[in-house]
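Number of protein chains: 2
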Amino acid sequence: METLKIALDAMGGDKAPACDVEGAVKALKEHDNLKMILLGDETAIKSELAKFSGYPEDRLEVVHCSEKIEMAEPPVAAISSKQDSSIVKGMRMVRKGEADAFISAGSTGAILVGGQVLVGRLKGVERPPLGALMPTEKGMTLLIDCGANVDARPSWLLQFAEMGSIYVENVLKIRRPRVAIVNIGAEEEKGNTLVKETFPLLKEDKAINFIGSIEARDIPAGGADVIVTDAFSGNLILKMYEGTANTIYRVAKKGLKSSVLGMIGGAIAMKPLKKSLRAFDSKKYGGAPLLGLRGLVVKAHGSSDGDAIAVAINQCLDFYRQDINGKIKERMEAEAEHMKELKRMELRKGSAE
Amino acid sequence: METLKIALDAMGGDKAPACDVEGAVKALKEHDNLKMILLGDETAIKSELAKFSGYPEDRLEVVHCSEKIEMAEPPVAAISSKQDSSIVKGMRMVRKGEADAFISAGSTGAILVGGQVLVGRLKGVERPPLGALMPTEKGMTLLIDCGANVDARPSWLLQFAEMGSIYVENVLKIRRPRVAIVNIGAEEEKGNTLVKETFPLLKEDKAINFIGSIEARDIPAGGADVIVTDAFSGNLILKMYEGTANTIYRVAKKGLKSSVLGMIGGAIAMKPLKKSLRAFDSKKYGGAPLLGLRGLVVKAHGSSDGDAIAVAINQCLDFYRQDINGKIKERMEAEAEHMKELKRMELRKGSAE
Chain A
-13 METLKIALDA
-3 MGGDKAPACD
7 VEGAVKALKE
17 HDNLKMILLG
27 DETAIKSELA
37 KFSGYPEDRL
47 EVVHCSEKIE
57 MAEPPVAAIS
67 SKQDSSIVKG
77 MRMVRKGEAD
87 AFISAGSTGA
97 ILVGGQVLVG
107 RLKGVERPPL
117 GALMPTEKGM
127 TLLIDCGANV
137 DARPSWLLQF
147 AEMGSIYVEN
157 VLKIRRPRVA
167 IVNIGAEEEK
177 GNTLVKETFP
187 LLKEDKAINF
197 IGSIEARDIP
207 AGGADVIVTD
217 AFSGNLILKM
227 YEGTANTIYR
237 VAKKGLKSSV
247 LGMIGGAIAM
257 KPLKKSLRAF
267 DSKKYGGAPL
277 LGLRGLVVKA
287 HGSSDGDAIA
297 VAINQCLDFY
307 RQDINGKIKE
317 RMEAEAEHMK
327 ELKRMELRKG
337 SAE
Chain B
-13 METLKIALDA
-3 MGGDKAPACD
7 VEGAVKALKE
17 HDNLKMILLG
27 DETAIKSELA
37 KFSGYPEDRL
47 EVVHCSEKIE
57 MAEPPVAAIS
67 SKQDSSIVKG
77 MRMVRKGEAD
87 AFISAGSTGA
97 ILVGGQVLVG
107 RLKGVERPPL
117 GALMPTEKGM
127 TLLIDCGANV
137 DARPSWLLQF
147 AEMGSIYVEN
157 VLKIRRPRVA
167 IVNIGAEEEK
177 GNTLVKETFP
187 LLKEDKAINF
197 IGSIEARDIP
207 AGGADVIVTD
217 AFSGNLILKM
227 YEGTANTIYR
237 VAKKGLKSSV
247 LGMIGGAIAM
257 KPLKKSLRAF
267 DSKKYGGAPL
277 LGLRGLVVKA
287 HGSSDGDAIA
297 VAINQCLDFY
307 RQDINGKIKE
317 RMEAEAEHMK
327 ELKRMELRKG
337 SAE
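Protein sequences, first through last, are from chains A and B.
Going by our numbering, the first residue of the first sequence is number -13, and it counts up by one from there.
Going by our numbering, the first residue of the second sequence is number -13, and it counts up by one from there.
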């Protein structure tokens, strides 16, 4: 098997570089055909690496970067000015083919801008979407777009649905994944202009298994495998999920602590409760893939630990082994062919009239 | 004090007419200056009424309606064809001044259309928004718009903020309520086109206490008192709140039931836990007001019981006692004056150049 080279931003994440180094070492021990490239402050990375032994050092490379893009920095300015940052250097390696994928738990804005500008889009892709893997009651769901394109167009959403389907089918191994569009009611005539215009495109698309609208209330229950929306709505969905869970947890904890019975009962029930809720821990499921680029870019959660980074690395390996980009390219070409055909038919119809 | 007349749709809600009749009787016992008008099937209403005694029968009127608008009916068609339905008749009573407010737990779509078409807008109001009262960790928040205007314009959102502020200040009794706009980041330059264009309008508006953007994750924690957004996003927020809470509850329950320790601990802790989470029960807080109309229209939750209906009736009484519509009218007139002044200044500036 061909050796895959994965570039990892060792400066990204709340626990960088420790989490990144730990994740890389873990993945190298697990996989033979993998080379890791750690980007960031060489001294800091090497002092973290010194804590580990027994890993294949020959398959780990450290590339020193003298700059760092901070979380709060305006993304466009950061990408264009910090040429020696881990994000810019990692993206350039993907562009040049020196790395097959780039993972970063750093600034989402910089990753989105860098993906478009430095890595570049696959031919035929209108806009690359960020897809988030959401844990639900029934397993994993891909919410796409959750960060990249806030004022989206119907044709973009159609491509998100197609790319998302390919990803879920091949990486999450769900056959004929159910694709739904986020809406405010189940009926076809409901929704805002974007949804109303996108709905018929999705319905006509034979390449996907479109099941119609999904209301937000059915998302946590696992009502679809690929959930298509614009990035503004996608962000609201993700953040409400997170915020509601956190608030319920805090209020419940306070309630239990307010009485002796609550404290006793809570202590007894804690273990089985935690076990059942662990399914919702998003760290177990890797990062958010930025799809439609010439190489894979994965945004890992800011709070990632070593295990989460290792999962994101596995995700990249799966992405390449299943040739997702080859499949996306094929689909986009078929779609372009289909659009041309439609135009030809319209022209012919026009001249016949 | 003047007697207020409140029309109540006795055919709306999952438990109609029982919940509506119970709520009306309860409110009549509590308030002297109140007259209730129950609209719906006379026989069904009277057979429910027969279960109660000791209430002021002279202040309760039953108006028979031979038709009923179903939940799934297309709203515009329903409103125009079912002239003898409780929703159409109740709205007309408000329009003619025969009732001061109308409450219904029926079809949201029909209530929104009926409000605009049958009751009509206050002068100066561009679009009437539906405001939902959301229970949060810190108390109540008004989410406005959560159902009426999906493709909104910046000037509409500005009015939603102003009307929402007046409502929250007078009905929820929160002084100088904190107004925030739903956004995908805290910075002013973030957001989609609608948010970017609305932000400066809100910032300039001296009539409200604008605190900037709110991210969805901070909504359940109670980060603002009036949360402004378009109806598509508002619906996503409300439904994600509901869906996430339901899913966590189901998964936690299953987790507890899966082990003996879980069952024992859960049973012991149930009472204090339920007590602390009761703050989130939306039924305690009345219905969703449709603001900016010539009379008040309140959409009660479909699952309302008698207590929830009684709370919605109290809400209407408060609305009138605080003269919310007088205050909204005043604000809209001041705003129109301000816009005129701005135009005059621009013209003068133009001719001076």
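Hints in this document: simulated from the structure, not taken from any laboratory.
Small disclaimer: the values here were computed from a predicted structure and weren't measured.
Keep in mind that the hints are not guaranteed to be accurate.
All copies of an identical chain are treated as equivalent in the list; a pair is satisfied when it fits inside any one copy or across any two copies.
With a Cα cut of at most 25 Å, we get these calculated DSS-like pairs of lysine-lysine [as the list claims (entries may be wrong)]: (1) Lys82 to Lys189; (2) Lys192 to Lys260; (3) Lys(-9) to Lys1; (4) Lys335 to Lys(-9); (5) Lys315 to Lys240; (6) Lys54 to Lys15; (7) Lys261 to Lys239; (8) Lys257 to Lys239; (9) Lys239 to Lys32; (10) Lys243 to Lys54; (11) Lys124 to Lys243; (12) Lys68 to Lys239; (13) Lys21 to Lys109; (14) Lys37 to Lys261; (15) Lys260 to Lys335; (16) Lys240 to Lys21; (17) Lys313 to Lys326; (18) Lys189 to Lys12; (19) Lys176 to Lys54; (20) Lys54 to Lys68; (21) Lys257 to Lys240; (22) Lys313 to Lys(-9); (23) Lys313 to Lys335.
Evaluated hints:
{"no.": "1", "hint": "Lys82 to Lys189", "result": "neither (38 Å within a copy, 46 Å between copies)"}
{"no.": "2", "hint": "Lys192 to Lys260", "result": "neither (42 Å within a copy, 48 Å between copies)"}
{"no.": "3", "hint": "Lys(-9) to Lys1", "result": "within (23 Å within a copy, 62 Å between copies)"}
{"no.": "4", "hint": "Lys335 to Lys(-9)", "result": "neither (51 Å within a copy, 62 Å between copies)"}
{"no.": "5", "hint": "Lys315 to Lys240", "result": "neither (52 Å within a copy, 43 Å between copies)"}
{"no.": "6", "hint": "Lys54 to Lys15", "result": "neither (28 Å within a copy, 68 Å between copies)"}
{"no.": "7", "hint": "Lys261 to Lys239", "result": "both (16 Å within a copy, 12 Å between copies)"}
{"no.": "8", "hint": "Lys257 to Lys239", "result": "both (14 Å within a copy, 13 Å between copies)"}
{"no.": "9", "hint": "Lys239 to Lys32", "result": "neither (41 Å within a copy, 47 Å between copies)"}
{"no.": "10", "hint": "Lys243 to Lys54", "result": "neither (43 Å within a copy, 49 Å between copies)"}
{"no.": "11", "hint": "Lys124 to Lys243", "result": "between (31 Å within a copy, 18 Å between copies)"}
{"no.": "12", "hint": "Lys68 to Lys239", "result": "neither (44 Å within a copy, 50 Å between copies)"}
{"no.": "13", "hint": "Lys21 to Lys109", "result": "neither (28 Å within a copy, 69 Å between copies)"}
{"no.": "14", "hint": "Lys37 to Lys261", "result": "neither (31 Å within a copy, 49 Å between copies)"}
{"no.": "15", "hint": "Lys260 to Lys335", "result": "neither (63 Å within a copy, 66 Å between copies)"}
{"no.": "16", "hint": "Lys240 to Lys21", "result": "neither (47 Å within a copy, 42 Å between copies)"}
{"no.": "17", "hint": "Lys313 to Lys326", "result": "within (20 Å within a copy, 58 Å between copies)"}
{"no.": "18", "hint": "Lys189 to Lys12", "result": "neither (43 Å within a copy, 50 Å between copies)"}
{"no.": "19", "hint": "Lys176 to Lys54", "result": "between (46 Å within a copy, 22 Å between copies)"}
{"no.": "20", "hint": "Lys54 to Lys68", "result": "within (7 Å within a copy, 66 Å between copies)"}
{"no.": "21", "hint": "Lys257 to Lys240", "result": "both (18 Å within a copy, 13 Å between copies)"}
{"no.": "22", "hint": "Lys313 to Lys(-9)", "result": "within (20 Å within a copy, 65 Å between copies)"}
{"no.": "23", "hint": "Lys313 to Lys335", "result": "neither (33 Å within a copy, 59 Å between copies)"}
Going down the numbered hints, you'll see the structure goes against 1, 2, 4, 5, 6, 9, 10, 12, 13, 14, 15, 16, 18 and 23, while the others check out.
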